[in-house]
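Protein chains in written order, with this note's numbering: chain W, 527 to 639; chain F, 83 to 191.
Note that these hints are calculated values from the structure, not bench results.
All C-beta atoms in this analysis are idealised placements derived from N, C-alpha and C, irrespective of residue type, glycine included.
Any given hint might turn out to be false.
Unchecked claim - A short list of chain W residues far from chain F (calculated; beta carbon distances all over 12 Å):
(1) VAL540
(2) SER548
(3) ARG550
(4) GLY579
(5) GLY584
(6) ASP585
(7) GLN597
(8) PHE601
(9) LEU606
(10) GLN611
(11) THR612
(12) GLY631
(13) HIS632
(14) LYS635
(15) LEU639
As the list claims (entries may be wrong) - Label-pair restraints from in silico Cβ distances:
(16) F/GLY98 x W/THR546: 41 to 49 Å
(17) F/PRO132 x W/ASN553: 18 to 26 Å
(18) F/ARG150 x W/GLY622: 36 to 44 Å
(19) W/PRO587 x F/ILE147: 24 to 32 Å
(20) F/ARG186 x W/LYS635: 40 to 48 Å
(21) F/ARG186 x W/PRO587: 27 to 35 Å
(22) F/THR162 x W/ASN536: 36 to 44 Å
(23) F/GLN104 x W/THR546: 33 to 41 Å
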Amino acid sequence: EAAVTQSPRNKVTVTGGNVTLSCRQTNSHNYMYWYRQDTGHGLRLIHYSYGAGNLQIGDVPDGYKATRTTQEDFFLLLELASPSQTSLYFCASSAGTGGGRLFFGHGTKLSVL
Amino acid sequence: GQQVQQSPASLVLQEGENAELQCNFSTSLNSMQWFYQRPGGSLVSLFYNPSGTKHSGRLTSTTVIKERRSSLHISSSQTTDSGTYLCALEGDAGAKLTFGGGTRLTVRP
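Starting from the given sequences, assemble the full structure and let the hints guide the process.
Here you go:
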């Protein structure tokens, strides 16, 4: 079973603050993803990557940056956090296009006050 | 329009009853996945099913590409099956998955 670890599990920040969410996967998957989950909107893709140094824009990228530093590590950055970014964030990984199940981390609950 | 639609949005069963959850999609399909999520919890992969029928214990997933639908059948439901079931479509455009809105299942003892 693929292991995807997110940190922190919970985060509270103020409007305008900087936040970095971390994700590490240990199964050598090529693809990594950041999703946010909100009531009424379901799961929405923010950014994803197919390898170290690569970044692809998802469906709701505004206000977010991401960086894939290694095969294992994918970070989501909120440089000027806003209350609209209060959400449950999930990181996920998969082996690749058309060939892999998606494995999720436990999520990070972010509150922007 | 929404590419992936799930139905019903919510479902209440008595323990022992069967459930049929539907996922309809409007774009071409590369793969279809089903997930289970407890309230506030992570998502657990149930099936990776691009076509045909797959079984896992009391769960069965069937994807019919020509009809643009996938279903998840839960037999002899248990209270521990309660939670949200999500389907996710990978289209031809690549590795992006589009999620349906989910079906919230409640199984009463």
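Item to check | Violations among the numbered hints | outcome: 5, 6, 12, 13, 14, 18, 20, 22
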